[in-house]
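If you want the building blocks of each chain, they are given just below.
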Amino acid sequence: MRNSIDKNRRLLLKQLASLPLASGVSLVSGSKTAHAMTCSPGKSLVCIFMAGGADSFNMFVPGGTNSFADYQNSRRDLAVDEANLINVSDATQGAFGFHDLLPGLASLYNSNRMAVVSNTGTLIRPTTRSDYLATNSIPESLFAHNTQQKLWQTGAGIVSGSNSFGWGGAISEHAAGCNGNINIAPAFSIGGSTDWLTAANANYISLTAGVAVQRMLGHANLSDWIPPERLSHVGRSLNNLIDIGKASGNSQVMQEISGAIGRATDATASLYSALQNNPVNQMRYNTGNRLAAQLHMVARLIAAREELGMEQQVFFVRMGGWDTHTNQLQRQPALFMALNEAVTAFQATIDGLNLAPSVTTFTASDFGRTLTSNGNGTDHGWGGHNFVFGGAVDGGRIVGDIPNYAVQNNEDDAGDRRGQFAGRIIPQISVNQYAATLARWMGVSEDALNTALPDLANFSQRDLGFMN
Amino acid sequence: MIVVLLSACSDSGVVVADKDTNGSTTSSTTGSTTGATTGTTTDNTNSVANLDPAAVAAARFLNQSTFGATQQTIDDLVARDNLGAWIDDQFALPTSLLFPYTRTNSNGGGGGPLHEIWWNNAVDEPDQLRQRIAYALSQIFVVSDIDAALSNAQYGMADYYDMLSRNAFGNYRTLLEDVTLHPVMGVYLSMVLNERPNETQNIRPDENYARELLQLFSIGLFDLNMRGEPIPIGNPRPSYTQETVEEFARVYTGWNFPTARRWNDTARSQNFFIGRMVANEAFHDTESKTLLNGAVTSAGWTAQQDLTFALDNVFNHPNVGPFIGKQLIQRLVTSNPSPEYVERVALAFNNNGDGVRGDMRAVIRAILLDDEARNGHLNNPEFGKVREPAIKLIHAWRALDAIPGPLANGAHSPPNFTPSRSDAILGQAVMQAPSVFNFYLPDNPLSAGSTLVSPEMQIMSEANLANTHNNYHNQVYRFNNRSNLNDDNPRVTTINLEGLTALARNAGALMDWYNLVLFAGSMPDNVRNELISYTRTLGQSDQDSFAKAQDTLFLILASPSFHIQR
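Going down the list, the sequences are from chains H and P.
Oh and the first sequence: position 309 is 1157 in my numbering, straight run, nothing missing.
Oh and the second sequence: position 143 is 151 in my numbering, straight run, nothing missing.
Honestly, the hints are just simulated from the structure, not real lab data.
Note that the structure is predicted; figures quoted are calculated from it, not measured.
A hint or two may mislead.
Claimed, not checked - Pair by pair, the computed Cβ-Cβ distance ranges are: (1) H/979 / P/359: 54 to 60 Å; (2) P/102 / H/1127: 23 to 29 Å; (3) P/275 / H/1199: 51 to 57 Å; (4) P/156 / H/985: 36 to 42 Å.
Claimed, not checked - Derived contacts from chain P toward chain H, CB cut-off under 7 Å, selection only: (5) 185; (6) 186; (7) 386; (8) 389; (9) 432; (10) 559.
Said to hold, decoys possible - Chain H is faced by these chain P residues, among others (derived, beta-carbon under 8 Å): (11) 89; (12) 90; (13) 94; (14) 99; (15) 209; (16) 216; (17) 246; (18) 449; (19) 460; (20) 461; (21) 466; (22) 474; (23) 481; (24) 567; (25) 568.
Beta carbons are placed, not taken as given, at the ideal position from N, Cα and C, and that holds for glycine.
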């Protein structure tokens, strides 16, 4: 165990060192009000983004006679059979079931380490069916993948508004302040480019699962092929060329690509030995599980948290394949099994590292899917369920109300153009509330939250209460 | 082989006076300080004056219209002395295909042969403009076989790409229908086997293809003016609604796999994925549908009648010209075209001069021959684009006479990855995008909060940059014409460094060659000076010349400037 006094002193020194650099982050006022940021040592936040729009209505299914019948009636042949549910319960909302290919999620729920956040989605303000039909403060381009991903990840209601940065980016700016003056960004994507981690004053590092992080040859006298008497000259020129590009006063594109190459050089150099030293081979999963491979990289970086000199880290991973317009019943088992294996293996690894209280993982997706079938699949919906888990989660319960699944007179349904039931469920919980709850756990100040999530003010409950 | 045509300039070749001769002082320090403190256009001045202006113009054009200029193609184009005539020559060339090689070399499973022939065609085949356009189209009309449903349909994937190649110089309306009815697209966006609604069972038609055709293949999310700007400016109007999607979804019902024996025939051979889908009227929704701009189909029409009407309806929407035109400009020429440039291309889409809408030849001519394409780099420092990683590598291979490794059976392969895994290293591989939204979005900001866009920056991750850097290192040092491949991987493509070695006795001449062939005249002077300083660390022997060729080439391939096409 680390010595907490030393730890706190080190943290304070880092904060002081970072003062001239951390623009927009007030550390001086850090101890006096509830609006202040806090740098509780050692926290990592992980976003699992289910790209394509996850059919969470088949992952977590209402139990109880009436609501299961409603679910079955709206889903028809796409409904999960009652025999294929793992029964769980919520103290106030009753019986529910996880799909039986998600036993690891059910187990985390039953051990009170996972909460289900019900019917969450992009919202500008609390929204009813009549608001939707009147196009009254409705998020832009509903049902379009890229737009809804962007709105989910930025917490904004429109794409081109002033709030174009990700709420993960706001958290990583906070984390950067906590981490102090180290030359490595606090945020990592193992799932490719993401709006979630974009920020005005922080970068994120983008790595690829399944491809070893390589140091860039020619730099730092690294090359078995360039003769030693040439190698140092080559390395110097490589750096000079990057510096020349960065200083291209009249070309932003040259500056950006040069900065990216420079960051790649620094990041791979910094991460190489930390990753070598933390293989975390105890995490076991099928090699074809791409999500698990990404989370394995996350686990290695979390294991290296202290070695990297970091207090806080933010991670983004992405799992594709969720856009199940067709063959849904054939495709869902593979998706659910891969998600279950990855989540289970990752959480077991974090548990084994004795880091469970300091690591929180949550899911997100473009949107939920229609309750109704298009024959053998589902189309783009709006609200959906999400899952938050880890040692700091107040779990074993459902956050928010489970929506109405009934085909008749359903005020939760946005409907279709011929007045038919579509099961495009209007969210009751805003992404902003979900985001704020997670960001507050990381210690982001209320002021920073208000800046990052302007629409949060439209909702009475700023914190959904699922974090201890 | 590289032919030395350039007149040698002064022996040092240094443009900015630099008295340092021992190489221990970095001239770039001077250069970068100048750039940083003055912020003037001196940054981008370069030694283009050493070069034949006609050759530079040819090289710039070829970087926009092919997989990269070579000394030979520059010479040929200079001799042709007419860009429009060169385009016509390209229009007339036979089409390089993926299908024959893929069928010969695979049973339809796996992904290797399709990628091998794609790389080979891009590197070596003469129909460069067609292949470059087809690659651009494959990034608009996206299908991807990372999806399990298509990874074992390689004959179909090859056939889909060949369909794009064949339509590259045709009409957009034909292209749109061929895309729509191709069974690979049918699988990818689930239009195949889409059925008319069954309201008693709450079953609606599948909205997938209906939505993506509108959003990505034709008109986009918002009404546009001819300049490609969403209108009304500041508060743009959606170009369609969820209801529109539901109506089009009903149009795209009743289509089956070619050669299927029945509806939902699950015993699918490779032939199911080739050619065009076929209608089965029993599953087509015959109710009338209300489409864009209030156009209504008649009840009782067949699947093909509905489709023809619907695709005409889309095709004639005013958004298509600016929407498709701007994306093609971005793929070929510049990430941030002026609205006027977009408008000129859109007008060519609307009317080829003979009253024909959607003529791709007219669009391509308009894009490549536009004054902004030809001269935009002269007055706009942000003109141009970050080059696609695959095209950058192919350009280097083409320029340096790359040949496949001796045991590669004629298939090109980079040092650090196989062509079929280029997505993991480069961030892109043909028809392997993570979703129908391609490897990158057309509106990806250059940096967080920037008003400039750079689609390609979306895949410039730390991992990709490091891995491609090391790939270039290995290409230059391990896999060249002097390498002993018996001690290394004899399947890897090698580059030929003899031409550069011959030039390297005169550092200025070497830089001029790089500046023309790899930079199309855009090599910044401070980059040139840095490299010339570097060469002074070495002597004049053949070994030294070879070392200069290797080291300067690696420095260039790794440099920020080589990432940018101006």
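Hints and how they fare:
1. H/979 / P/359: 54 to 60 Å: Hint violated: Cβ distance 44 Å, outside 54 to 60 Å.
2. P/102 / H/1127: 23 to 29 Å: violated (52 Å)
3. P/275 / H/1199: 51 to 57 Å: violated (47 Å)
4. P/156 / H/985: 36 to 42 Å: holds (40 Å)
5. 185: violated (21 Å)
6. 186: Hint on residue 186 of chain P: violated, closest Cβ of chain H at ~21 Å, above 7 Å.
7. 386: Not OK, violated: residue 386 of chain P not within 7 Å of chain H, min 13 Å.
8. 389: holds (4 Å)
9. 432: Status holds, d = 5 Å.
10. 559: holds (6 Å)
11. 89: With a minimum Cβ separation of about 31 Å from chain H (threshold 8 Å), the hint on residue 89 of chain P is violated.
12. 90: The hint is violated - residue 90 of chain P has no Cβ within 8 Å of chain H, the shortest such distance being about 31 Å.
13. 94: violated (28 Å)
14. 99: Check failed: Cβ of residue 99 of chain P comes no nearer than 32 Å to chain H, outside 8 Å.
15. 209: Holds: closest Cβ of chain H sits about 6 Å from residue 209 of chain P, inside 8 Å.
16. 216: Because about 4 Å separates residue 216 of chain P from the closest Cβ in chain H, which is inside the 8 Å limit, the hint holds.
17. 246: OK, holds: residue 246 of chain P within 8 Å of chain H, min 7 Å.
18. 449: Holds. Min distance 6 Å.
19. 460: holds (6 Å)
20. 461: Constraint on residue 461 of chain P not satisfied, violated at 10 Å.
21. 466: Holds, about 4 Å.
22. 474: holds (5 Å)
23. 481: holds (4 Å)
24. 567: holds (4 Å)
25. 568: holds (3 Å)
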